[in-house]
Amino acid sequence: MTQNKTLIEAIRIVVVVLIALAIGFVITALVSKEPVAAYTALLTGPLPKISFENGFAITNINRFGNWMEESTTLILLGLAVAIVFKARQFSLGAEGQMLLGALATAVIALKLALPFPWHMILALAAAMAIGFLWGLLPGLLKAYLAVDEIVSTLMFNVIALQLFDLLLFNWLRDPTAGFVGTVPFPDSAVLPLAISGTRVSWMIFIMLAAVVIVWFLMERTPFGFELKMLGANRKFAEYGGINTKRVIALSMAVSGILAGLAGAHLSMGLLKRLTINLSPGLGFEGIVVALLARNDPRWVLVAGLFYGYLRTGAQIMERSSDVTREVVLIIQAIIILLITAEQLFPRFQQWWGARRNNEAAMERG
Amino acid sequence: MSAFVEMKQISKVYPNGVVANKHVDFAVEKGEIHALVGENGAGKSTLMKILYGLEQPTHGEIWLRGQRVEIANPHRAIDLGIGMVHQNFMLVPSFTIAENIVLGSEPRKGRFLDRAQAIAITETLSKSYGLQVDPAARIESTPVGMRQRVEILKTLYRGADLLILDEPTAVLTPQETDELFLAVRKLVDQGKTVIFITHKLVEVKEISDRVTVMRHGEVTGRVATADVSEADIARMMVGRAVFLQIDKPPVRRGRVVAEVRNLGYVAETGRPMVRNVSFDVYAGEILGVAGVEGNGQTELVEVMTGLRPATTGEIRIDGKPVQGQSARRIRLSGVAHIPEDRLTNGVALDASIAENLAVDRYNRPPFTRQGILSPRAIQTQAVALMQQFDIRAAGSAAPMRSLSGGNMQKVIVAREFSAEPALLIAAQPTRGVDIGATEFVHTQLVAKRNEGKAVLLVSADLAEVMSLADRIAVMYKGEIVGILENGPHLTEEEIGLYMLGLKRDEGARGEGRGARGEGRRELSRPSRKFQPSRKIMQRRSQHR
Amino acid sequence: MSFEVVLQSIFSAAFIATVIRVSTPLILPAMGGLISELGGAINIALEGVMLAAAFTGVIVSGFAPQWFPGAPEWVYALTGGVAGVLVGMAMGWMIAFFHLELKTDIILTGLAMNILAAGGTVFLMFSLTGDKGSTSTLDSAQLPAVQIPFVNTIPILGTLLNGENGAGYNIMSYIAFVLVAVIWVFLYRMPSGVHLRATGEMPEAAQSVGIDIRRTRYWALVASGFCAALGGLYLSMGYLSIFQANMTAGRGFIALAVVYLGNRNPIGTLIAALIFGTASALGTRLGTMAIPPQFVEMIPPVVTIAALVIYNIRRRARINAAARRFQEQAEAARP
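Protein chains in written order, with the numbering used here: chain G, 158 to 522; chain U, 16 to 559; chain C, 8 to 342.
Read the hints as simulated data drawn from the structure, not as lab findings.
By construction, the Cβ of each residue, glycine as well, lies at the ideal position given by its N, Cα and C atoms.
It is possible that some hints are incorrect.
Said to hold, decoys possible - Pairs of lysine-lysine residues, derived as DSS-like cross-links and limited to a Cα-Cα distance of at most 30 Å, are as follows: (1) G:K206 <-> G:K429; (2) U:K45 <-> U:K23; (3) C:K110 <-> G:K162; (4) G:K402 <-> U:K335; (5) C:K110 <-> G:K392; (6) U:K23 <-> U:K335; (7) U:K215 <-> U:K45; (8) G:K392 <-> U:K492; (9) C:K139 <-> G:K429; (10) C:K139 <-> G:K190; (11) U:K45 <-> G:K392; (12) G:K402 <-> C:K139; (13) U:K220 <-> U:K201; (14) G:K206 <-> G:K190.
Claimed, not checked - Covered stretches of chain G, as calculated for chain C (at least 3 residues, CB under 8 Å): (15) 396-405; (16) 429-442; (17) 447-457.
Stated by the list, open to error - Selected chain U positions facing chain C (in silico; Cβ < 10 Å): (18) P89; (19) D94; (20) M99; (21) L128; (22) R173; (23) R286; (24) T327.
This is chain G alone, in the form it adopts within the complex (with noise of 0.2 Å):
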């Protein structure tokens, strides 16, 4: 029976993915000249081409390494949001976890000089060490002071984005850059490639561990569990004995570690340096992808890669046609509204019984 529940809980999520998929193409074929081009290219440019016709050869790496680039990025994000959902904590601050996670990486790697690779794991503590913090904060806040934490971590998210303009602007920038940014980051404290000829990093490993972590973390220890009493009913959790202010600033905080190692990816080994505007509203890209995974860590795997490819995909369709890449936030947010829309099916049910009944009533009368 639980079985059964699953699968019609699998299929009602493909459902939704495809019916926003085909609104997508809906609005692409609205606006663009040949939609059936563009959207091909959403749908199948990430991957690399395989020719046979001088020997085996795969062409266009570098968009399969862009998939791979997004989908770390979005996966440890997804983790992040997986673990405070899962203790239903509404918690929104990735965005200015992984700003300060990326701000911290850059303070490690320009002002201090530590060989490889102790510099780089030094930076990547950093990073996790920063984001843990910005969620323990209102975590705390959260357990011990009944701060909601929704208005706190977005107002975390506003003084993240100033402390790091600050250090920015005034501490770290290279004046003689031609934009706000940084000097490029030292080698020693960038992440080594992982696939030549694309951007994909070790990060990659760091992520796929993160992903064994986390499952770890919610299904074998003692945390995990509480993790998930608390999401279940908290008074419940509390007369059971868990201390349940704990488990909500320490859910809050393990998700900044993760949301830490996202800014990391994007200064340490995609930019490899910081730049002012480093990717405003990507904290909030984790959402989706804990939804469609519903909080199951392996389940986020496989939604990053998927939301990483329509990503990649609309990228490589912005450059080969009249479309741009914002289709896929118009894709994302229908997702997002229809799958949290739990009457969607019920009602639709219903419409349909009636009208079947009303047919049947017209039949007979």
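Position chains U and C against the provided structure of chain G, taking the given hints into account.
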């Protein structure tokens, strides 16, 4: 004379299959006080919700003043002159009394509120019906009795001819109850009709002209109150004596397991809920806590289990002080707890049965070893407990939500009993569960007692307390006003005096009172179920 | 740089004029946030609504001359403004529909609306103008400034009432302040406003006296969209006269915090919005004096968090005080 209200053949089936009303016929005549009685879950609230438009009947008709009416929502009910005073007050805390009374149909000056008029209306209503309120006071700072008067005034302001009062005395002190009864009579004198929902028979006799009795969703009697005795009504309510015959060997008191001394608790609202409470619970006995609900029993249990902090006093379990400790530490000291409100903190509906059974022990071997949790161990335990406690479900991985109320309670009992506690605190352990599960829980509680555990049984069901407990502590307004040895000499009238605060033993303490045990007892008098009797009412009037 | 100069520049009429300009796009959405919050339906999509309305206003007013050539300029501005407001209200209605009919989580729905607006505006901007960054190629209309006559000759008052250049503030700034007053009267002096507050505070009570909660929340969210849309229109048709991608820059989220900082009433919310506005204006002003503006801009969010913390500490202190009193009484009562 034709009926003022007539509900014909009303049936109500909820989407989850629960049948709340079965072909109910209900009629009230103009100008009468009509009592609607029945046990919890008998369907009286549902019937009244249908009359007030909060629920739609699956089947049946409503006739009002000789006309067939459809009552689609409360708004329609109000238009038809029906007013309802709910058990949980429907008042906006930050609004003033006048604002609450006119809410939804405010007097207007043009497009604006006429606030002076609202206050004037409140004062006029208040005077003409003798219901004293302060129009400018905010609800959040007024006492319960006044809030109820506000609720009644609200319905009168809306032109109600028919007032439905849903268990209005549940939250009132005896004085407030008397005042309420005076006010109700005054309402009837002025031509109103009142439906009075209750399960207290003494109130039925005192206030009502006629009475309709419900049981299991059906009407089992409709009589003039003067023609029947309380016992007759009780028989209609209960049908037959369903009380258990419990084989209880004589009590063999062991050591003191729990010592509670001068315990006090102040709620967040600043109201003291538990005052200077002291008692002992011994190994091998069941200490029952009786009392009208809302007299501090809930808070006492939650303080003892670490869910709320004690404000004053001491609690010792096996000699070790535990007050101020976390719920987990208290559990580790050997306390288990069957909570009164199952759905709020007894279960997590969205978690699996196996997880629900492990919430207090997941972090210890065999469930967690070296920091690693074993879902298999949780699973294994669940399978074993489900068999042992006869929990019927699709499997241990099934969500709690899929269980019936009785099976949910069995999950809780399974968890708390298997914790092997020294002290078991059971709060309302059979509320809302079927007879089979009730019997099961009772047998288990007695078994624990016989094993030599200490059991603290808190129940609003006096019959339950009297059939199970070895001693009975009665709570009134946050205090323990008496601790009585249970036995054939103890009558519910006696307990009723304590419950209503008419009698108290000064310096009631748990220690030192005779520890004589009682052997097998039979409890089958239905009237035991209902607390105060005529005798108490006489006493009360003497007091005044 | 002397301290005096800083002080002088802060306490000038011109500075206050700046504060009003900077605060306008916070006051308007905050009023929207307040209405839905009081109705018991948090609107986290203020940001998205502002963005969508800002975009619609510019696009419609920019294309309006093609639809009705030769009309006076104000017709185009008005058309754009009305279109923007309608889009904002439509978004409010959509949140209500998804939340109330399809039972979505209102926070996630709001976030989806934000994403929809962020993506949709850029998507449509590129399709319509061929530019992804801003609508600078489009000649869009501006909402008029309103000058208060006769006061310009009075030194300080002139600047205060009509801005530094004496041309008057944008009409939206006046609307913002008037809106605060209107909403106050509405909430506390009109039946439907009282019904709204009852719905948010105690839905069961509201329902029991025949107030339609669903309908109340529907229009609360639509009204919320209306107010936030005004704020968005001000940004693209008053403060600036173009639309830029992500031009709201988090103002919608700040507006939400402003509601909480303002203790969920219109006057408090106005003051809170002015605090944020002042910090922002001060930041810009200090930035020109080589003091990092981020320091100042950090103050309001810190104040907001501090205010929430203090609120809860005080609540706790009240409870503790009651407990202490009881304890003392208990001690005294004991022999």
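Structure-based check of each hint:
Taking the CA atoms of K206 (chain G) and K429 (chain G), the gap is near 28 Å; set against the 30 Å cutoff, the hint holds. Annotation: proposed proximity of K45 (chain U) to K23 (chain U) holds, straight-line Cα distance about 17 Å (limit 30 Å). For the given pair, K110 (chain C) sits about 20 Å from K162 (chain G) by alpha-carbon distance, which is consistent with the 30 Å threshold. Among the hinted pairs, K402 (chain G) with K335 (chain U) is consistent with the structure: their alpha-carbon atoms are about 26 Å apart, no more than 30 Å.
A threshold of 30 Å between alpha carbons decides the hint, and for K110 (chain C) with K392 (chain G) the separation of about 24 Å falls inside it, so the pair holds. For the suggested pair K23 (chain U) and K335 (chain U), the alpha carbons sit about 62 Å apart, so the restraint of at most 30 Å is broken. The hinted pair formed by K215 (chain U) and K45 (chain U) meets the criterion: a straight-line CA distance of about 23 Å does not exceed 30 Å. In summary, the hint linking K392 (chain G) to K492 (chain U) is supported, as the alpha carbons are separated by about 26 Å, within the 30 Å threshold.
For the proposed pair K139 (chain C) and K429 (chain G), the alpha carbon gap of about 26 Å is at most 30 Å, so the pair holds. Taking the CA atoms of K139 (chain C) and K190 (chain G), the gap is near 18 Å; set against the 30 Å cutoff, the hint holds. For the hint linking K45 (chain U) to K392 (chain G), the alpha-carbon distance of about 47 Å lies beyond 30 Å, and the restraint is violated. Under the criterion of a C-alpha separation no larger than 30 Å, the hint pairing K402 (chain G) with K139 (chain C) is inconsistent with the structure, at around 45 Å.
Annotation: proposed proximity of K220 (chain U) to K201 (chain U) holds, straight-line Cα distance about 17 Å (limit 30 Å). At most 30 Å may separate the alpha-carbon atoms for a hinted pair to count; K206 (chain G) and K190 (chain G) meet this at roughly 26 Å. Remark: the segment 396-405 of chain G is not confirmed as covered by chain C, as 0 of its residues place a Cβ nearer than 8 Å to a Cβ of that chain, below the required three. For the segment 429-442 of chain G, the stated coverage by chain C is satisfied: 3 residues place a CB nearer than 8 Å to a CB of that chain, which reaches the threshold of 3.
With 1 residues bearing a CB less than 8 Å from a CB of chain C, the segment 447-457 of chain G misses the requirement of three and the coverage assertion fails. Taking 10 Å as the C-beta contact cut-off toward chain C, the hint placing P89 (chain U) at the interface holds, the least distance being around 6 Å. Annotation: D94 (chain U) was flagged as interfacial toward chain C, and the flag holds, the nearest CB pair being 9 Å apart, inside 10 Å. The criterion of a C-beta within 10 Å of any C-beta in chain C is met by M99 (chain U), whose closest approach is roughly 7 Å, and the hint holds.
Annotation: interface hint on L128 (chain U) holds; nearest CB of chain C at approximately 6 Å, less than 10 Å. With its C-beta approaching chain C no nearer than about 8 Å, R173 (chain U) sits inside the 10 Å limit, and its interface hint holds. Checking R286 (chain U) against chain C: minimum C-beta separation of about 8 Å stays under 10 Å; hint holds. Given hint, T327 (chain U) at the interface with chain C, holds; its Cβ is 5 Å from that chain's nearest Cβ, closer than 10 Å.
Checked against the numbered hints above, the structure breaks hints 6, 11, 12, 15 and 17 and satisfies the rest.
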